[in-house]
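Protein chains: 2
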Amino acid sequence: MTDFARTRKLFDLPEGVIYLDGNSLGPLPAAAVARVRDMMVGEWGVELIRGWNSAGWYDQPRRVGDRVARLIGAAPGTVVMGDTLSIKVFQALSAALDLNPDRRVVLSDSGNFPSDLYIAQGLLASLGRGHELRIVEPEAVGAAIDETVAVTLITEVDYRTGRRHDMKAITARAHEAGAIAVWDLAHSAGAVDVDLAGADADFAVGCTYKYLNGGPGAPAFIYVAPRHADRARPALAGWMGHERPFAFDLDYRPAPGIERMRVGTPPVIALTALEAALDVWDGVDMADVRRRSMELGQRFIDGVEAACPGLELASPRDPALRGSQVSFRHPHAYAVMQALIARGVIGDFRAPDAMRFGFAPLYVSTGDVDAAVSILAHILADGLWDRPDYHRKAAVT
Amino acid sequence: MTDFARTRKLFDLPEGVIYLDGNSLGPLPAAAVARVRDMMVGEWGVELIRGWNSAGWYDQPRRVGDRVARLIGAAPGTVVMGDTLSIKVFQALSAALDLNPDRRVVLSDSGNFPSDLYIAQGLLASLGRGHELRIVEPEAVGAAIDETVAVTLITEVDYRTGRRHDMKAITARAHEAGAIAVWDLAHSAGAVDVDLAGADADFAVGCTYKYLNGGPGAPAFIYVAPRHADRARPALAGWMGHERPFAFDLDYRPAPGIERMRVGTPPVIALTALEAALDVWDGVDMADVRRRSMELGQRFIDGVEAACPGLELASPRDPALRGSQVSFRHPHAYAVMQALIARGVIGDFRAPDAMRFGFAPLYVSTGDVDAAVSILAHILADGLWDRPDYHRKAAVT
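Quick mapping for you: the protein sequence lines, in order, are chains S and D. Heads up, the first sequence is in this note's numbering, so the first residue is 27 and it goes up one at a time. Heads up, the second sequence is in this note's numbering, so the first residue is 27 and it goes up one at a time.
Hint data in this document are derived by calculation from the structure and do not stem from the laboratory.
It does not matter which identical chain is used: a pair holds within one copy or between any two.
The list that follows gives simulated cross-link-like pairs (lysine to any residue, SDA-like), each with its CA atoms no further than 25 Å apart:
1. LYS194 to ALA166
2. LYS35 to ARG63
3. LYS35 to ARG96
4. LYS419 to ARG89
In isolation and in its complexed conformation, chain S is listed as follows:
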């Protein structure tokens, strides 16, 4: 059994804060500070350019990728780190379309994170070959997969509601219809028990600044199923994905396997912070994380529904159909969230009317959940949210 009392001690959470926004930005793993300092002073400072060999920087995207792979049901050697999630969506979608050149439909849903849709729109417009981005309701994805669909581009867990797609069933349906399945694991990696290999996913991408706690803007990852890895054509054909980057040939030849999904020079400082964050996951079983996060989420729902009239559950009621996040609707959700934050309970707001609460078992306890419920109940009962300053929206909400 995973010891969550132990993992909680590995984070430096500010005194008095109940942090329920790890679905947006994970907290600071205490060890990351010294690790980054050691990399900067002892590797960059001392080794200088030699660090690419002597400190293992060059292999870092693969080395870190293997550690992420374990958490998402992927084999070693199938995941590589780099860039941002939006860039990785572009890479995966582009390679997937290339593997299915006779079809013209990319199927996604209205619960996908908008950046995935924007990236698809940008890519399809660039291609100029009459591709269509078809967006259906989340519940309609399975039925909408037909023989016109080239690629399904789906985020497993809905960023607004926490609703979780059935990755295995949708992937099977996609394959049955001759489509390629690309999965975005932004709200899955480190949150739910993803099984990419078991679901037979074709491509997957994700970020590491949410449940994996890599820090703001931490590098993304991409997974390519071994059956595609040697034939996926990289549209972003950068030198680090070349078969022999340091031969400086004038012609691009993709590296074998997942390496070809590398693009430019890897972000070593950021990857080092992420490596420290991944140490927290050593000895953590994703099945335990999933079980615990369902318990925490259910406890929150039960508590809120008993104590907070006026809130409407926006997430699926069945824990098996949710990710690690619970959303409630309120007509003044933004102001209520400001009142919560002012009292140390940090969740976030998503337009137009949702409050999101993430339950990351690595550092959220049942005591946190109960306290958050009490504070929310007090805010609502006494109308504490109705202050002018709580209605003034910040630039980034």
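Mind docking chain D on chain S? Use the hints.
Quick look at chain D alone, frame taken from chain S:
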């Protein structure tokens, strides 16, 4: 006059090292360590998700971009940070092609950094519209610009020889022929007196881990001329480049101006290290840097040619035609460089037979240059490079 004795003290160079590889990876600015720690502990650790507003993370790509802009002759509001140089090449080339839709030739040269060529190859193959990447010798670029050329994609300073293109003349020639000029400033930014506005460049991109000392894999930058900024179409249409990222609309609408070249969530830790590195540039005049780097390079060439028979200058002899780097050829360049590194003189090797030496005035003195020449002369005179271990190539060379 810039005080280079002052700037030198701002770097933590290891005792006994003469660092002539800032053209590959700049050294650690001493202040960056505490800055990154403060960001991690005081911003990420304390502010958590609120840091996007309270600590100014959201605006960081623009704020840092403005500081880079000053060093490359660009107006405030025309440069934004993010991703890697290869990604920025893709963005710039893609947008440039889109502005010149009736032509099919991308003109580059064989001295361009291979990743730029690979990215172009990947992009053109994706487009599938019969574009051609035409690669000529560096000296032939001007004459090769004709009415078929859609875009010139040129790295201003050649990574092998240090040869510097005439940006102003080539850009004028490109415009005369109806082409769009994209410039890669990888070996220019912080090294030579770039004047993007004065040269009337259309797009420019660059990295910050070389002369700008941002650290291994530090974020890249992109410049878009104001006349194109509101109509350049982002192929990498990420949410941070959206007109209203936090409205979470399903349709992409590019932000006005340079903001549309943002893609995903910015790498805050890496940008923070870079901000500290850019502090070193406060009070530094690029004209002084250029003058000083020409002096240092010339002193090195004079010294080597007087004391080191058997080396052949691979860089232009006229300092005005060089960047901040000098290359020499030797049949056993790799081994000679290993012998130099073993004696504390760090330059680098580029296949097949070049030794590169970068002269960054911020931390390289005339004393360093003279000492490097002496050590190189000793190695060659006594054949100290001819040891088996100096011939064994590392993974990354």
